[in-house]
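Protein chains: 2
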Amino acid sequence: MTTYNFCAGPAMLPVEVMQQAQDELLNWHGRGCSIMEMSHRGKDFMQVAAQAEQDLRDLLRIPANYKVLFMHGGGRGQFSAVPLNLAKPGVSADYIVSGAWSKAAVEEAEKFTALKAQNIQIKQAGLRSLVPTSDWQLNDNASFVHFCPNETVDGMEFIDLPTTKAPLVADLSSTILSRSIDVSRYGVIYAGAQKNIGPSGLTLAIVREDLLPAKGSNIPSVLDYRLAADNDSMFNTPPTYAWYLAGLVFQWLKRQGGVEAMQQRNALKAQSLYGYIDQSDFYRNDVAPQFRSSMNVPFLLADESLNDLFVSEAEANGLLALKGHRMVGGMRASIYNAMPLEGVQTLVTFMKEFERVHG
Amino acid sequence: MTTYNFCAGPAMLPVEVMQQAQDELLNWHGRGCSIMEMSHRGKDFMQVAAQAEQDLRDLLRIPANYKVLFMHGGGRGQFSAVPLNLAKPGVSADYIVSGAWSKAAVEEAEKFTALKAQNIQIKQAGLRSLVPTSDWQLNDNASFVHFCPNETVDGMEFIDLPTTKAPLVADLSSTILSRSIDVSRYGVIYAGAQKNIGPSGLTLAIVREDLLPAKGSNIPSVLDYRLAADNDSMFNTPPTYAWYLAGLVFQWLKRQGGVEAMQQRNALKAQSLYGYIDQSDFYRNDVAPQFRSSMNVPFLLADESLNDLFVSEAEANGLLALKGHRMVGGMRASIYNAMPLEGVQTLVTFMKEFERVHG
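Residue numbers (my numbering), protein chains in the order written: chain A, 1 to 359; chain B, 1 to 359.
Keep in mind the hints are simulated off the structure, nothing from the lab. You can trust all of the hints, since none of them are fake.
Copies of the same chain look alike in the list, so a pair counts if it works inside one copy or between any two.
Okay, derived cross-link-like pairs now, DSBU-like style, lysine-lysine, Cα gap no bigger than 30 Å in a straight line:
| # | residue 1 | residue 2 |
| --- | --- | --- |
| 1 | 215 | 111 |
| 2 | 352 | 43 |
| 3 | 43 | 103 |
| 4 | 111 | 88 |
| 5 | 215 | 116 |
| 6 | 103 | 116 |
| 7 | 123 | 352 |
| 8 | 88 | 215 |
| 9 | 215 | 43 |
| 10 | 43 | 254 |
| 11 | 215 | 165 |
All of these numbers come straight from a predicted model, not from anything done at the bench.
Just need the whole structure built from these sequences, with the hints factored in.
As C-alpha cells, this is what we get:
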C-alpha cells in the first residue's frame, strides 16, 4: 500500500531521496563505508558539504554577502542564538507573536535581551486572523525584529514583510524552500531541518555578514554565528549525515524545477484541501482565508467524537500522522514540499468517503 | 573487498547495525515510513527512545539517581553546558589538561566560569607521559573537576579517577562503552555520539540529579540539563534518527556480551597493534605504555617521506582513514568498539608487508 505521511515534523522526506539514501547507506560512492562514517574534514564529506551549500544558494538565490551555516540545536537553539549573536547592549528587540512557536521564541529570548513582544493573532467574525504587517508597531532602532511567518500549530501564515530599518530575523523552519523569497530583505533566516530540509538535528542559519558578532564573544561556541562562519560550520563536528541528506533534498528540489515550481505545486495542494473543507459542513477550518498556512492545514470535525475513528481509519488507508497537535486537537495535515499532490488528493478522497459514511 | 574504517570520528558503526538500519530505512517495522520521518512525540519513537535509554542504563549500570539526556550540540556543546549548568557563583572549577580536547574544553569554559587549569602531560625519557591522578592539585570546594580520560589526538589515556569532594565531570566521547566504569563516582559524564555510540549530532549526558540546575535558569534551552531532564530530552525536537541508531548500537553491544566483553576485546586489539609497533624499528609510538590509548593509536614511520604512500596503499587494501590528525602528523588507527579484531589483524599484516617492502 502506498502511504502518505502528514507528520508536522520530523516530516516525510522525498521518496526518491530516501531510496538514494538507502542505496548509498552501506557504501557511499564505492568508498567502502557510509558517508555517516567519514571524517567531516575528509575530501569526500567536504565536497558533499560544499555542494549542499551551493545548491541551497542556487535554490534561494542567496546573495554573496550572506553566510550559510549548518548548525546543531534545532529551532530552539536558534531561539537562543539570535539574541546572543544580534542583541545590542541596552537596545530592545521587537518580537512578533503570531502563534505557539513565535511565543516560545520570546520566552527564550527574554533570557538574553530586552524585548518588546506584540501579539498579532486576533479573532474576527469567528475566524482567527492576523494584524497586517503594515500595522505592526516597530522600532527602527531595535536590535532586530523576530517573526515566524508560518505557525505549524496554529496553521496560520503571513507573506508580507514589514518595513523597518531594523534587521528582519525570520524562523522559516516550516516554510523554507516552499515558496520563493527575497533573501536580501532579511538579516537572518533560520530553519530547523525536520520539515522541508532533512532529518531533525540539523539547523540552517543564513546570516548577513554585517550581523555576525565580533570574534571572541562569550557565546556558547555551538551557537556562535561568527565561529560557524569562520570555520565553514566545522568548528565542531557537524551532524554530517543530516547535512548529506539535506544535500540530497536540495538536489531533488532542483530536479523538481526549484522553489518556484514547488510554490506552484504547494498552492495546488493547499487549494485542493482547503477547497474541499470549505464546501463541507462535516469539516471546518477556522482561519481567515488570507492567513491560512499552505504547509500545515488544521481542520476540525463537526462531531469531535469521531476524531479517533478518523485517525485510525485514515491510518488503515495509509494516511499517516493526521492527529492534531495536543494544544489544538482535531486534525492536522502537514503538506510540506515532500508531500506529492497525489497524497493530498488521496486524503481528500478519504475525507469525502468518511463524510459520506459518518456525515 | 572487506574494508576497515579507522576514522577517529565520525567513526565506523557496527556492520550489523548499518545493515539493520538499511533494511529499516524506508519502512520501519511495517509502518510505511522511516523512523526518521516520525514524530518524536508519537508512540513508536517514544518506545525507541525509552528502549535506548534502558539499554544504556543496563550496559553502564547507571544508578537510578542519574538522568540520561539525549542532547544536541556534540562535545563542544557540552564544553559550554558543563560550566553553564554546574558552576557555582564565585567558585572556581578545576580543569585537567591532558591533550587537545581537554584544552579546548578549558578555552570554552573560560567564557562562563572562573577556573584553574593544570597541564598533566609531560615528557619523560623521550616518551609522552601523564602526571598520575594522585598528584593532581585539586580543590575540594571547586564547583567540579573536568577531565577527558582519553585524548583522541594525543593517543593518551588514563584510567584512575582522582580523589576529591568536588563532582567529577568527564568527557568520555571516545571511551564510553569501551570499558566498564563506575558511574556512581562521577557527577556528569558526557559523550559526543560519533565515536562509540552513533552518528554525529547526538550527544549523551549522564547527570547526577543533585547537580541539575534550578528551574528557570538563564541557560540556552538546548544546553539546559534541567529542561532536558524534566522533558525526557524532548523539550525541543531531538536528533531522532541518531537516537534510533544509538539504540541499535546499544542492542548490538548487549548481543556482544556488554561493556565487559568489549573491554576484553578492545584490550586484545590494542595489544595486537602496540605489540607489533614496539617490536618494529620501522614504526614507533612515543607514549609511555601505561598511558597509551586503547581507542586511538597514533604511530609514526621512521621514514616520514613514506607517509603518503602508506596511506594510499593502505586504502587500496581496504584500510581506510589512517592518516594522522593534522596537529600531529603520521598515522592514527582509531579502534573503537565497532572495529573487529580482524580489522586490527588485517592492519598489522599490511604494516608488516609495507615494512618488508620499504624497510
